[in-house]
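Undergrad: This is what each chain is made of:
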Amino acid sequence: MLKFIGKRFLWMIVTLWVIITVTFILMRFAPGSPLDIDDVGMSDQARENMMAHYNLDQPVILQYLNYLKNAITFDFGPSMVTRSREVSDMLASGFPASLQLGLVTLILAVISGIILGVLAALRHNKLIDYMTMFIAIIGISIPNFIQAMLFIQYISSQFDFFPTAQWGTWRHAILPALALASGPIAIIARMTRSNMLEVLTEDYIKTAKAKGLSNFQIVVKHALRNALLPVITILGVLVASIFTGSFVVERIFAIPGVGQYFVESITNRDYPMIMATTIIYSTIFIIMMFIVDVVYGIVDPRIQLHKKEE
Amino acid sequence: MTEATTKELLLEVDDLHVSFPTKRGEVQAVRGVSFSLYKGETLAIVGESGCGKSVTAQSLMRLVSTPPKSGSIRYKGEELTTKTEKQMQKLRGLEMGMIFQDPMTSLNPVITVGEQIREGLLRHQKMSKDEATKEAIEMLRLVGIADPDKRMKQYPHQFSGGMRQRLMIAMALVCKPDILIADEPTTALDVTIQAQIIELFQEIQRKTGVAIIIITHDLGVVAQIADRICVMYAGKIAETGTSYEVFKEHRHPYTEGILKSVPRMDGNRDVPLIPVPGTPPNLMNPPVGCPFYMRCDYAMKVCKEVAPPRTDCNESHYVHCWLQDERAPSIKQLHS
Chain A
1 MLKFIGKRFL
11 WMIVTLWVII
21 TVTFILMRFA
31 PGSPLDIDDV
41 GMSDQARENM
51 MAHYNLDQPV
61 ILQYLNYLKN
71 AITFDFGPSM
81 VTRSREVSDM
91 LASGFPASLQ
101 LGLVTLILAV
111 ISGIILGVLA
121 ALRHNKLIDY
131 MTMFIAIIGI
141 SIPNFIQAML
151 FIQYISSQFD
161 FFPTAQWGTW
171 RHAILPALAL
181 ASGPIAIIAR
191 MTRSNMLEVL
201 TEDYIKTAKA
211 KGLSNFQIVV
221 KHALRNALLP
231 VITILGVLVA
241 SIFTGSFVVE
251 RIFAIPGVGQ
261 YFVESITNRD
271 YPMIMATTII
281 YSTIFIIMMF
291 IVDVVYGIVD
301 PRIQLHKKEE
Chain B
1 MTEATTKELL
11 LEVDDLHVSF
21 PTKRGEVQAV
31 RGVSFSLYKG
41 ETLAIVGESG
51 CGKSVTAQSL
61 MRLVSTPPKS
71 GSIRYKGEEL
81 TTKTEKQMQK
91 LRGLEMGMIF
101 QDPMTSLNPV
111 ITVGEQIREG
121 LLRHQKMSKD
131 EATKEAIEML
141 RLVGIADPDK
151 RMKQYPHQFS
161 GGMRQRLMIA
171 MALVCKPDIL
181 IADEPTTALD
191 VTIQAQIIEL
201 FQEIQRKTGV
211 AIIIITHDLG
221 VVAQIADRIC
231 VMYAGKIAET
241 GTSYEVFKEH
251 RHPYTEGILK
261 SVPRMDGNRD
271 VPLIPVPGTP
281 PNLMNPPVGC
291 PFYMRCDYAM
301 KVCKEVAPPR
311 TDCNESHYVH
321 CWLQDERAPS
331 IKQLHS
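Keeping their order, the protein sequence lines are chains A and B.
full-length UniProt numbering applies: residue 1 is where the first sequence begins, and numbers increase by one.
full-length UniProt numbering applies: residue 1 is where the second sequence begins, and numbers increase by one.
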């Protein structure tokens, strides 16, 4: 097991390196430069000074090595736009809010998705099934930023219970989390439902029934565990989509998260900020994938993470 | 294997009907099956695919999606057809255990075999987890699994097909039920493993005195293990009798047909095997008369029009066939 984790860890670093490199190349070869946005006329001398200040006058390969060093130490220097602040400080101040929103969304999506999916499967072709699947289709087909605006318009403005344009208590997180979670809920619910329907016809369910187990034991212990295997697989991807999806929703709900920096950094060509956010999100994604693999190995004993040592 | 000495009636099935609604109509899978099971004996239900033998077996524990349409199933005098699902759950596993055809798919792949064996105990008996584990280990030893302590913690995919069927038997017997229903327990296994499993059944019956209902189309298995045999055809019982009566003194042309189509190791090898021609009737729209008349060499006019009544040959042997009627011509060919 340790050997497996070590091996995967090395691969994670390689993956991260590839991502950093590709991002670097893309940013450098895209037209424009961070200093272009300064539409107040800048003298050539000033421009050169600025270039030197940000090391942009160096050969690309040196800049690249410099970036790698920054990435390893996670010290990207000051932002090119908000020049008075360090990139790492800005991200550190926004990260808690984003993380909180992401986690609330994830928990909401997983729990309600699975419950809805199981209910729909158990009441197959009955009213609950149709209702759940109808809600799922709505959740999956309306983009989360539209849902976010609808929530503000029809829920937040009617009920004081759901404040908007603020951040602080758990009540602030409900509506944005709901907007973010509805897509993942729909995906998880549909997947759980179809897997449950399949698993419930398996022979081992009949065996469990023949043992005299209660319906609850059969569904939760024998069926659900098998039905959730494919759901775990998509969970890693869903987490990534929740975190990236939060950029827009964070803006709509004015949540002081990392998302705003990410969106602005690209239009502003804020190289240090782009690199930092890319690394953060790729790391989250890669770690999620790793967790999914480990969990998969725990839930399904047929999958061996490591060669049998005998 | 004790017969007639201690005949304690365990299970009595009377005129059982089971049907399934489908898009094209109602399939009458079981159409009036009656039999009884005594303590400690082995009853074999034989018949070709689709004759309703599996549905009959699963209906005994009410494991089929539709409850019996009519008829009765009495277990130790208690009527099972009117029991609620909750009441049936208390009975399943505790009073009757069941083994299915394919041991590869009948075990849950993500739960350890130890847990799968002991969960029945935990459900039915007031027992601590440790006691249940001990009992489960004992059970594994009984069904001939070596190193049971270590095996308890393993998963089904770490066992071979024959071993898994042993696990299934352990699972079905762990609460010491009075009846073990085995639905084609050897069909999915290869021949050498089949023989081992059949021997295991006999050994377990000797040790525990459990009554076995074995559903099969393998007459070799039947000859080896059964005390009494029910021959089923198209959802009905064609002939019932002791093993000797069915193999040697059968009266029904269908019984004769299936016996003639089986190769024998000890018989004359020059005698050709004679298959039963044709196919069984469609149970969506079963014939009014004898269901076998289309394939029967001795079919008479009455066979097509009226279902044959039950003719008792002796107290253990009866047949549903018009040939047994006193007005029918005598047939010499049977049990030649």
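Bear in mind the hints are in silico, worked out from the structure with no lab data behind them.
One thing to keep in mind: the hints can contain errors.
Below, computed lysine-lysine pairings styled on BS3-like, alpha-carbon distance capped at 30 angstroms [said to hold, decoys possible]:
#1 A:126 with B:260
#2 A:221 with B:134
#3 B:248 with B:260
Undergrad: Could you run down the list of hints and mark each one as holding or not?
TA: Going through the hints against the structure:
Restraint check for residue 126 of chain A and residue 260 of chain B: not satisfied, since their Cα atoms lie roughly 51 angstroms apart, outside the 30 angstroms limit. A threshold of 30 angstroms between alpha carbons decides the hint, and for residue 221 of chain A with residue 134 of chain B the separation of about 22 angstroms falls inside it, so the pair holds. A distance of roughly 12 angstroms separates the Cα atoms of residue 248 of chain B and residue 260 of chain B; the hinted pair therefore holds under the 30 angstroms criterion.
In summary, the structure is inconsistent with hint 1 from the numbered list given earlier, while agreeing with all the others.
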